[in-house]
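Engineer: As given, the protein sequences belong to chains A and B, one line each in that order. Quick note: the first sequence uses our numbering, first residue 3, plus one each step. Quick note: the second sequence uses our numbering, first residue 2, plus one each step.
Hints should not be assumed to be uniformly reliable.
Claimed, not checked - Reference listing, derived: stretches of chain B covered by chain A, where coverage requires no fewer than 3 residues with Cβ under 8 Å from a Cβ of chain A: (1) 46 to 53; (2) 81 to 91.
To be verified - Not everything, but these chain B residues come out facing chain A in the computed CB check (under 7 Å): (3) GLY43; (4) GLU102; (5) PHE105; (6) PRO107; (7) GLY108.
Unchecked claim - Across the chosen pairs, the derived CB separations fall in these ranges: (8) ASP28(A) x ASN53(B): 42 to 52 Å; (9) ALA3(B) x PRO42(A): 41 to 51 Å; (10) THR79(B) x ASN64(A): 20 to 30 Å; (11) GLU54(A) x ASP19(B): 21 to 31 Å; (12) ALA3(B) x ASP83(A): 31 to 41 Å.
No lab work stands behind these hints: they were computed from the structure. We put the beta carbon where it would ideally sit given N, CA and C, even for glycine.
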Amino acid sequence: AQTVTQSQPEMSVQEAETVTLSCTYDTSESDYYLFWYKQPPSRQMILVIRQEAYKQQNATENRFSVNFQKAAKSFSLKISDSQLGDAAMYFCAYRNNNNDMRFGAGTRLTVKP
Amino acid sequence: GAGVSQSPSNKVTEKGKDVELRCDPISGHTALYWYRQSLGQGLEFLIYFQGNSAPDKSGLPSDRFSAERTGGSVSTLTIQRTQQEDSAVYLCASSPGRTNEQFFGPGTRLTVL
Numbered sequence: 003a004q005t006v007t008q009s010q011p012e013m014s015v016q017e018a019e020t021v022t023l024s025c026t027y028d029t030s031e032s033d034y035y036l037f038w039y040k041q042p043p044s045r046q047m048i049l050v051i052r053q054e055a056y057k058q059q060n061a062t063e064n065r066f067s068v069n070f071q072k073a074a075k076s077f078s079l080k081i082s083d084s085q086l087g088d089a090a091m092y093f094c095a096y097r098n099n100n101n102d103m104r105f106g107a108g109t110r111l112t113v114k115p
Numbered sequence: 002g003a004g005v006s007q008s009p010s011n012k013v014t015e016k017g018k019d020v021e022l023r024c025d026p027i028s029g030h031t032a033l034y035w036y037r038q039s040l041g042q043g044l045e046f047l048i049y050f051q052g053n054s055a056p057d058k059s060g061l062p063s064d065r066f067s068a069e070r071t072g073g074s075v076s077t078l079t080i081q082r083t084q085q086e087d088s089a090v091y092l093c094a095s096s097p098g099r100t101n102e103q104f105f106g107p108g109t110r111l112t113v114l
């Protein structure tokens with residue numbers, strides 16, 4: 003079974019600084035998808051960024067980028083120029099082609115003004 | 002357009018009672034997922050519907066949990082003889098297809114007294 007591990011239960015960053023959230027996963031498959039979701043206190047899960055495993059280029063969405071290391075099964079999220087609105091729980095997720103989706107336990111990000 | 006909606010937003014029930022949680026996916030989305038999120042935890046997969054195929058029930062924690070999806074649209078998650086450990090936020094998500102992102106509803110917070 004696939005597992006997703008987020009080793010940082012909590013992280014803190016100063017406003018305007020950069021923070022990196024870690025995620026590792028375990029799979030025997032070669033084709034899959036990886037996601038980072040944000041969950042603010044409203045509970046609404048919001049997709050931040052996605053990465054197809056067959057793509058070598060790291061995905062980027064404005065201030066959010068990933069460092070995808072397929073051989074190491076690592077998928078970290080970098081948030082640049084952190085804003086107060088970035089404070090939330092961040093979940094790393096894995097999905098295979100059978101739509102089997104697994105989430106990590108989450109990292110709570112605090113942004114200090 | 003309308004996103005995924007869930008009702009009720011909050012439900013308080015007594016131990017031993019049955020509850021029904023409803024999910025209205027985005028129109029046209031063929032895939033529908035139910036997850037459970039316990040306090041401070043990640044998302045636990047419960048069940049997945051894809052079109053007219055038999056649902057993937059591999060995540061249901063016990064036979065007290067069941068779900069149906071009528072007409073390929075609205076889904077109801079039923080928990081019979083609720084227990085205190087069933088207290089959690091139940092999230093529903095829908096997706097246009099196998100390789101697309103999941104769009105989440107706001108969740109139903111279930112409290113079993």
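Engineer: Give a verdict on every hint.
Structural biologist: Cross-check of the supplied hints:
Using a Cβ-Cβ cut-off of 8 Å, 3 residues of the region 46 to 53 of chain B lie near chain A, which meets the minimum of three, so the contact claim holds. Coverage of the region 81 to 91 of chain B by chain A is violated. Counting CB-CB distances below 8 Å, 1 residues qualify, and the rule asks for three or more. Of the supplied interface hints, the one on GLY43(B) holds, with its beta-carbon coming within about 4 Å of a beta-carbon of chain A, less than 7 Å. Because the closest C-beta pair between GLU102(B) and chain A is about 5 Å apart, less than 7 Å, the hint holds.
For PHE105(B), the suggested interface contact is upheld, since its CB lies about 4 Å from the closest CB of chain A, less than 7 Å. The restraint placing PRO107(B) at the interface with chain A holds, with a minimum CB-CB distance near 5 Å, inside the 7 Å limit. With a cut of 7 Å, the hint placing GLY108(B) at the interface with chain A holds, because the nearest CB-to-CB distance is about 5 Å. Under the hint 42 to 52 Å, the C-beta atoms of ASP28(A) and ASN53(B), about 32 Å apart, miss the expected range.
Judged by the Cβ atoms, the range 41 to 51 Å given for ALA3(B) and PRO42(A) is violated: they are separated by roughly 20 Å. In this structure the hint that THR79(B) and ASN64(A) lie 20 to 30 Å apart at CB is violated, the actual value being about 41 Å. Between GLU54(A) and ASP19(B), the C-beta spacing of about 42 Å breaks the proposed range 21 to 31 Å. In this structure the hint that ALA3(B) and ASP83(A) lie 31 to 41 Å apart at CB holds, the actual value being about 32 Å.
Hint compliance for this structure: hints 2, 8, 9, 10, 11 are broken, all remaining hints hold.
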